[in-house]
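Participant: Taken in sequence, the protein lines are chains U and L.
Numbering-wise, the first sequence is residues 34 to 298 according to our numbering.
Numbering-wise, the second sequence is residues 2 to 230 according to our numbering.
No lab work stands behind these hints: they were computed from the structure.
The reader is advised that the hints may include incorrect statements.
Claimed, not checked - Footprint (simulated), chain L over chain U, 3 or more residues, beta carbon under 8 Å:
| # | stretch |
| --- | --- |
| 1 | 130–143 |
| 2 | 173–187 |
| 3 | 216–230 |
| 4 | 240–249 |
| 5 | 283–289 |
Unchecked claim - In silico DSS-like pairs for lysine-lysine, Cα to Cα no more than 25 Å straight-line:
| # | chain 1 | residue 1 | chain 2 | residue 2 |
| --- | --- | --- | --- | --- |
| 6 | L | Lys-171 | L | Lys-221 |
| 7 | U | Lys-93 | U | Lys-170 |
| 8 | U | Lys-93 | L | Lys-221 |
| 9 | L | Lys-171 | U | Lys-93 |
It should be emphasised that the depicted structure is a prediction, and the values quoted were computed from it without experimental measurement.
All residues carry an ideal CB built from backbone N, CA and C; glycine is no exception.
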Amino acid sequence: MLQTLSKTHRLSAPLGGPLARALVACAALSLFALWATDARAQQRYSRSFAPRRNVSLLLKNRSGLIEVEGWDRGEIRITATIESPAARFTPTMDDDGLTIDVVGDNRGRDDIGDVNFHIQVPYESAVDLQTASGDIKVHNVRGRLVRAHVTTGGDIELTDIRAQMVVAENVTGNILFDAELLRGGSYELKSTQGDINMRITPGAGFTLTATAPRTRNINLGGFAQMGNFNFQGDNRRVVGRVGDGSATLITTNLRGAISLVPRLR
Amino acid sequence: MNCEKCQALLSELLDGTLTDEERAHVGRHLDECMVCAGVRAELSAIVTTAHDVRNYTLAPPNSRALWLRISNTIEAERAQEQRTAAQVAAVVSSRRESVLTRVLHKHWTLSLPQLSAAVAALVIGVAALTVFTVQSLRRAPPTEAKLPPVHRSINDQELDVLMQRVEQRKGRWNPRMREAFERNLSVIDAAVNDSLEQLDQSPHDEVSEEALNDAMSHKKELLREFADL
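All chains should be built: construct the whole structure from the sequences, respecting the hints.
Facilitator: Set out below in structure tokens:
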């Protein structure tokens, strides 16, 4: 025991000295270098635009997250982090609204990094968001159109939506649609493989066509008692009507499940 | 008399046709000239030898037998060539003769049980072939002619062109983009196959037709976008 203590004492003495201080300094330098590299690899973009006649946003991205949320100001504010190799884009504002075309502005460039957008728009804006790859989130928008299109994989979350027309499409990834359906509105949600979850305001009148040909997994939740529904094609499709059926809700999930539940007020 | 004139007369001298005067002149020169005397001696030896071998013939001992041997050899070679040509022709003609011809030319003698067994085997063979053909046709992917119009888009030339463009460009994308493209394309293809399998079972199934259209539409869109990146 005494021998062990003695060895410990002999070893700990030099570690507490200059060697330990050198190690700590090296670690600190490494962390600083990492932070500096990361900071240099990411660029930030921030700019505000005052809409002219129409309040609409068209964004075509290649990859990265797109977040759009409504706010109570009359301007569109774009904040973006641009990962290396940095993509170029120049937003253009005209009478039709604001357009950001990352795809067009970088055509022919084979290797560009993600561009992650956080865009704040007036509540009444129409938003059309497209990306080759990446998630799309739209929150609290009440314009005439909300469109979210992911060409490959990416989750789509449309929450607190009140729009006359909504379109959400992806290949892989989930779709969450949390909305109030308007009279005469048109709502279309399509995925190839990924779950589609809808939270609809109770009391809304709509016709539903839900198709899940592979899984036959169509869950009507609380709406099953609110309307008349027919299971067709060996339970691969559900067609039904709730209330006056004035809105049209069409959803197709080729290899995934569909779930419809009443939205909490 | 000089040497040249002397040697020109040597042959006649040996033949004894010279005049006395010429013979005297030549004789005097030969007595004085050792060279011409040597030439006369050589010429005289040749003439003597020619006289001695006059009665010998140079023909072979039995020339007729020799010609016969040569003739026989030529005839034998010709006969061999003809035999070889005949054998080659025989082989070629025997190859041309099909198995069927040989079978048909063969004399068959079948008993009643043998004949019955042969007929039964033929019937079973034809039935098996028919069943196999029908099943193959059912399993085969629907051709353009059999497909309802909605399915024809699968053989769309635009898809082929887009796919070629994508293949050309794919190598230059970053790995993440390439992986996303390939993964999602395989998901879409799986959905297309789901619909096609369903349509194989129920060719007029409306849900599957719509699902197929949706999947093909996604595929086209994916290819268009990535071909243009």
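Participant: Please go over all the hints and tell whether each is borne out by the structure.
Facilitator: Checked hints:
1. Remark: the stretch 130–143 of chain U is confirmed as covered by chain L, as 3 of its residues place a Cβ nearer than 8 Å to a Cβ of that chain, reaching the required three.
2. As drawn, the stretch 173–187 of chain U meets chain L at 3 residues by the rule of a beta-carbon pair under 8 Å; at three or more, the given contact holds.
3. Given a C-beta distance limit of less than 8 Å, the hint that chain L covers the stretch 216–230 of chain U holds, as 3 residues qualify and 3 suffice.
4. Using a Cβ-Cβ cut-off of 8 Å, 3 residues of the stretch 240–249 of chain U lie near chain L, which meets the minimum of three, so the contact claim holds.
5. Restraint check on the stretch 283–289 of chain U versus chain L: 3 residues with Cβ-Cβ distances below 8 Å, three needed, restraint holds.
6. The straight-line distance between the Cα atoms of L:Lys-171 and L:Lys-221 is roughly 16 Å, inside the 25 Å bound, and the hint therefore holds.
7. Distance check on the hinted pair: U:Lys-93 and U:Lys-170 sit about 14 Å apart at the alpha-carbon level, within 25 Å; holds.
8. Taking the CA atoms of U:Lys-93 and L:Lys-221, the gap is near 18 Å; set against the 25 Å cutoff, the hint holds.
9. Our distance criterion of 25 Å between C-alpha atoms is met by L:Lys-171 and U:Lys-93, whose separation comes to about 20 Å.
In summary, this structure violates none of the numbered hints.
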